[in-house]
Amino acid sequence: MPGIVPVTISPTLTFDALVAGEDGAPLVLLLHGFAESMNCWRAQVTALSDMGYRAVAPSQRGYSPGARPDPRDASHYHIDRLMDDAMAIVAASGYGDKRFHLAGHDWGGSIAWALADRAPERIASLTILSRPHPNAFNRALQMEDGDQAQRSRHHKAFLEPDAADVVLADDAKWLRERLAANGVPAAAIEAHLAVLGNKGAMEAALAWYRARGAIRGPLGPIRVPTLFIWGDADDTVGRVAAEGTVDFIAAPYRFEVLPGVGHFAADQAPDRVCELLLEHLKAFPA
Numbered sequence: 002m003p004g005i006v007p008v009t010i011s012p013t014l015t016f017d018a019l020v021a022g023e024d025g026a027p028l029v030l031l032l033h034g035f036a037e038s039m040n041c042w043r044a045q046v047t048a049l050s051d052m053g054y055r056a057v058a059p060s061q062r063g064y065s066p067g068a069r070p071d072p073r074d075a076s077h078y079h080i081d082r083l084m085d086d087a088m089a090i091v092a093a094s095g096y097g098d099k100r101f102h103l104a105g106h107d108w109g110g111s112i113a114w115a116l117a118d119r120a121p122e123r124i125a126s127l128t129i130l131s132r133p134h135p136n137a138f139n140r141a142l143q144m145e146d147g148d149q150a151q152r153s154r155h156h157k158a159f160l161e162p163d164a165a166d167v168v169l170a171d172d173a174k175w176l177r178e179r180l181a182a183n184g185v186p187a188a189a190i191e192a193h194l195a196v197l198g199n200k201g202a203m204e205a206a207l208a209w210y211r212a213r214g215a216i217r218g219p220l221g222p223i224r225v226p227t228l229f230i231w232g233d234a235d236d237t238v239g240r241v242a243a244e245g246t247v248d249f250i251a252a253p254y255r256f257e258v259l260p261g262v263g264h265f266a267a268d269q270a271p272d273r274v275c276e277l278l279l280e281h282l283k284a285f286p287a
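Position 250 (the sequence shown) corresponds to 251 in our numbering; numbering is contiguous.
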């Protein structure tokens, strides 16, 4: 069974991580997005450990109480810091220079794409949920029909000074309704709010947006075997950005559409995500 393990990468940064599997087994690092937590990967961590992998799913910078630099200085939450965290967690888990498998959802997908661009030699396989390649996403944002821009409009609201209070108001009503509308089960919503449903964590999570870290220079073509999973009921990622991701992959690529699934696929369709993830890892061993 997965357990929560502290992972310390510096004197001021200790992450809570959902961990399962034998130490020394092939590593799978799983990075969550907003507005969730490491708990979105619980089913996958269990399935991976059952199949002989070591799975580590950290609650990332700001989400873990022991890794929460002052969010009033958004530079603490720039994507380069988040990328550094991920590689340091791999090293602290005992896989310093070893290749590993990488999975990311939403913001965690943004980090994973960037890591695959920065350090392809370290990553045996890449699995992305609900986050198109940044180049495909930015291209869709600029299209005249405005569909992707409309889907992404909440990003601007997150930059407002009172955004954390708005999201958490009335027992986190906005957040609960958003997750529920995307088919996230009630128990999973409570697990995420146990991590994110307080002012300190929410301010830090929103600092990721305020750091503007997702808006980076174009990435090169991805040279890591890639599985991209997208639910066709995703309210924040349109079909154009999802289908356009293929244009930026220079490696074996698999695009899987989950009919009727929303933005939070790991929570809404855990069995199918586990099946696809395990197939991909088996095809491209570390």
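No lab work stands behind these hints: they were computed from the structure.
Don't take every hint at face value.
[Unchecked claim] In the DSS-like style, the derived pairs of lysine-lysine whose C-alpha atoms are separated by at most 27 Å in a straight line are: (1) Lys157 x Lys283; (2) Lys157 x Lys99; (3) Lys174 x Lys157; (4) Lys174 x Lys200.
[Unchecked claim] Cβ pair distances, simulated, as ranges: (5) Thr15 x Ser76: 26 to 32 Å; (6) Thr15 x Arg255: 32 to 38 Å; (7) Gln143 x Asp85: 25 to 31 Å.
C-beta: ideal position from N, C-alpha, C; glycine also.
Are the Cα atoms of Lys174 and Lys157 separated by 27 Å or less? holds, 19 Å
Do Thr15 and Ser76 keep their Cβ atoms within the hinted range of 26 to 32 Å? Violated, at about 21 Å.
Are the Cα positions of Lys157 and Lys283 separated by 27 Å at most? At roughly 40 Å apart (the allowed maximum being 27 Å), Lys283 and Lys157 break the hint.
Given a hint of 25 to 31 Å, does the C-beta separation of Gln143 and Asp85 actually sit inside it? holds, 29 Å
Taking 32 to 38 Å as the stated bounds, is the beta-carbon spacing between Thr15 and Arg255 within them? Taking Cβ atoms as reference, Thr15 and Arg255 lie about 36 Å apart, which means the hint holds.
Would the pair Lys174 and Lys200 pass a check requiring their Cα atoms to be no farther apart than 27 Å? holds, 14 Å
Starting from Lys157, check that the Cα of Lys99 is at most 27 Å away, please. violated, 39 Å
Violated hints for the displayed structure, listed by number in ascending order: 1, 2 and 5.
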